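Chemist: Below are the chains, spelled out letter by letter.
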Amino acid sequence: MSEQTSPEKIPVTVLTGYLGAGKTTLLNRILSEPHGRRYAVIVNEFGEIGIDNDLVVGADEEVFEMNNGCICCTVRGDLVRILDGLMRRKGKFDAIIVETTGLADPAPVAQTFFIDENVGRKTKLDAVVTVADAKWLNERLKDAPEAKNQIAFADVILINKTDLVSADELSDVEARIRGINPYAKVHKTQRAKVPLEAVLGRNAFDLDRILDLEPDFLGDDHDHHHHDHDHGQDHDQDHGHDHDHAHSHSHGGLKHYHDEEMQSIALRTDKPLDPDKFLPWVQDLVQKEGPNILRCKGILAFKDDDQRFVFQGVHMILDGDHQRPWQAGEKRDSRIIFIGRNLPGKMITEGFESCIAK
Amino acid sequence: MAASGNDTVSVVERTRPIAIKGGIVAAHFLGRIAAFVLGEAAIVLVAPDGEPRRVATHDGAILDTIADGGRVISAGDDGKIVATGADGASSVLARDPQHRWIDHLALGPDGVVAWSAGKTAYVHVKGEAKEPRAFAAPSTVGGLAFFPKGFRLAIAHYNGATLWFPNASGATPEKLEWKGSHLGVTVSPDGRFLVTTMQEPMLHGWRLMDRQHMRMSGYATRVMSLSWSAGGDWLATSGAAQLVLWPFQGKDGPMGKTPRLLTPSGHRIDVVACHPRTGVVAAGYDNGLVLLARIEDGAEILAKKPGDAPVTALAWSGDGGLLAWGTESGEAGLVNLG
Chain A
1276 MSEQTSPEKI PVTVLTGYLG AGKTTLLNRI LSEPHGRRYA VIVNEFGEIG
1326 IDNDLVVGAD EEVFEMNNGC ICCTVRGDLV RILDGLMRRK GKFDAIIVET
1376 TGLADPAPVA QTFFIDENVG RKTKLDAVVT VADAKWLNER LKDAPEAKNQ
1426 IAFADVILIN KTDLVSADEL SDVEARIRGI NPYAKVHKTQ RAKVPLEAVL
1476 GRNAFDLDRI LDLEPDFLGD DHDHHHHDHD HGQDHDQDHG HDHDHAHSHS
1526 HGGLKHYHDE EMQSIALRTD KPLDPDKFLP WVQDLVQKEG PNILRCKGIL
1576 AFKDDDQRFV FQGVHMILDG DHQRPWQAGE KRDSRIIFIG RNLPGKMITE
1626 GFESCIAK
Chain B
12 MAASGNDTVS VVERTRPIAI KGGIVAAHFL GRIAAFVLGE AAIVLVAPDG
62 EPRRVATHDG AILDTIADGG RVISAGDDGK IVATGADGAS SVLARDPQHR
112 WIDHLALGPD GVVAWSAGKT AYVHVKGEAK EPRAFAAPST VGGLAFFPKG
162 FRLAIAHYNG ATLWFPNASG ATPEKLEWKG SHLGVTVSPD GRFLVTTMQE
212 PMLHGWRLMD RQHMRMSGYA TRVMSLSWSA GGDWLATSGA AQLVLWPFQG
262 KDGPMGKTPR LLTPSGHRID VVACHPRTGV VAAGYDNGLV LLARIEDGAE
312 ILAKKPGDAP VTALAWSGDG GLLAWGTESG EAGLVNLG
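Top line first, the protein sequences correspond to chains A and B. FYI, in the working numbering the residues of the first sequence are 1276 to 1633. FYI, in the working numbering the residues of the second sequence are 12 to 349.
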């Protein structure tokens, strides 16, 4: 289905990251590499200056709620307008890069591509790339909810300015990122130096590219969904205070952090699921928990179905389809992940298990 | 579906195909000369039996156009507003001092031009040579429309629309509130109703005398094209797999009424244009089809067969004798119905 139209769609990469982390450095690096590709760049009107590109458009980050009673259903009104204008000049550029302010929530940007049919017809979201400051990220995770959102939402994370921290500090910041989002591709960089293919052309929102839902790091963390979901209640009143919310523990020599507020839940079963149970369940879950669920993805094996079913979602918006036939010898198990804030882990786990076909 | 049948009346053979380089985003008529607006840089003028003539108007994208029969006014991402006449002469009407995108235009009955750049709407008041008058909207302007007499300008924005009297410097702008992002606006020819297109696949309307709300929903996608029928009895709309016409004859407008649905098809209508004199609507589809539908009985005439690209532009000449169509890939045609 999507294969027919996607080759003509212009890919859009979203750069997020807290103030001073190095977004503009990464942007200028992308633009100055001898790749022969032409980019249209959308930057915040009040953002940093000094972008060397022919086509630069100022945006004002207007987040509009949809008139459907759902507070998490938002679009970036300025992007709807700017992308429509830019696409009148298609042929003048090969891809679009959106640089957001340090305080921006990536979700409205992503949702714009799913909600606005006119935008979705001509462009496609490629990936959300978050630049994190190796030295200051830990502080920002404590005092800036936006910074945590940007890490949790990301498909690709650059831990930048690694030259300003020790090896211990670096592994600490990486562990904290992993505690929030174990699925993003993480790159450690200085001056945002990263191969372009690591940040562009990721197809992270393409259903056909949902191949693997394993956490993106080596080690032994095969049961990260078994973290204790009871922490949240004790700490509800404490947010915003100075003390550290993360617990660390280590096994196998690798440091692990559990973030009190933002977690991921990964579930798996090798028993086939009942689509008549699973699809209503996941719809209902994102309807109720949508404001807290930032991202979700899944690869599913339904009973009596020779096709793999894949889905992904941003808050309340779900997108799913059959992907391809299960291959001979391929293990037919179902895996889903949720990344979000104060997720009701027990309820999600039990709900998922109740979808196993009888 | 009906269009592919052999029994459908066709005017396709009355079409003069015109090759235009570049995607077409709008069409207008200046007398009997068709003006095809390109997405970028230029407007192409074509007389019924003349060669296409390309007029360079902008250094970039053309974001909106409007016409009054004598000139096409265009707004660009180069911050310029340009007027182009049937003779191909063009002149810059206004320039944004910061080179911001000019997003929207509106034209008053006396030729007054309004435009918006970002969150600000502007009007050149007649007799004032200096700076245009400005209105700061609460959010980016989604669309502009003058009331029939030209004294009031409707400005669509987030959470509603504002009615501004640019000539009356002391008057407080009126606010019409409705939650959500309003991306376009039109005023009924009798000035009694205001209708906005929304980010959601729906329209919202107000009966202005008592500010009664009208919710007009049921669309497949965001409504991008609106057209009032001759006399203002019907509002034709895009955004569905059939032509949706809302009745505005009675004093209540479409309140409590269902729309008339014509030309059912498996494809989405992207552009509509009502005939200037009779109860006929041209509908352009995303598969390249153009049908003419008679409002009274739904009778259909084929005006363009489906093709490679969506129809993006439709316009009638003032006398209704010529229909211009254009597509996203730059095909265009002039259908002579005279």
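Among the hints, a few may not be true.
Claimed, not checked - Below, in silico cross-link-like pairs of lysine-lysine (PhoX-like), each with a Cα-Cα straight-line distance of 20 Å or less:
hint: 1; chain 1: A; residue 1: Lys1367; chain 2: B; residue 2: Lys32
hint: 2; chain 1: B; residue 1: Lys137; chain 2: B; residue 2: Lys190
hint: 3; chain 1: A; residue 1: Lys1397; chain 2: A; residue 2: Lys1367
hint: 4; chain 1: A; residue 1: Lys1365; chain 2: B; residue 2: Lys32
hint: 5; chain 1: A; residue 1: Lys1410; chain 2: A; residue 2: Lys1365
hint: 6; chain 1: B; residue 1: Lys160; chain 2: B; residue 2: Lys137
What the hints contain is simulated information worked out from the structure, not anything from laboratory work. This one's a predicted model, so the numbers in the text were calculated from it and none came from an experiment.
Chemist: Each hint: holds or not?
Modeler: To see whether the hints hold, each was checked on the structure:
1. Taking the CA atoms of A:Lys1367 and B:Lys32, the gap is about 15 Å. The hint holds against a cut of 20 Å.
2. A threshold of 20 Å between alpha carbons decides the hint, and for B:Lys137 with B:Lys190 the separation of about 34 Å lies outside it, so the pair is violated.
3. Using a Cα cut-off of 20 Å, the hinted pair A:Lys1397 and A:Lys1367 holds, with the two alpha carbons roughly 14 Å apart.
4. In summary, the hint linking A:Lys1365 to B:Lys32 is supported, as the alpha carbons are separated by about 13 Å, within the 20 Å threshold.
5. Proximity of A:Lys1410 to A:Lys1365 is assessed by CA-CA distance (about 40 Å); at most 20 Å being required, the pair is judged violated.
6. Of the pairs offered as hints, the one joining B:Lys160 and B:Lys137 holds, with about 14 Å between alpha carbons and a cut-off of 20 Å not exceeded.
In this structure, the hints that do not hold are numbers 2, 5, in rising order.
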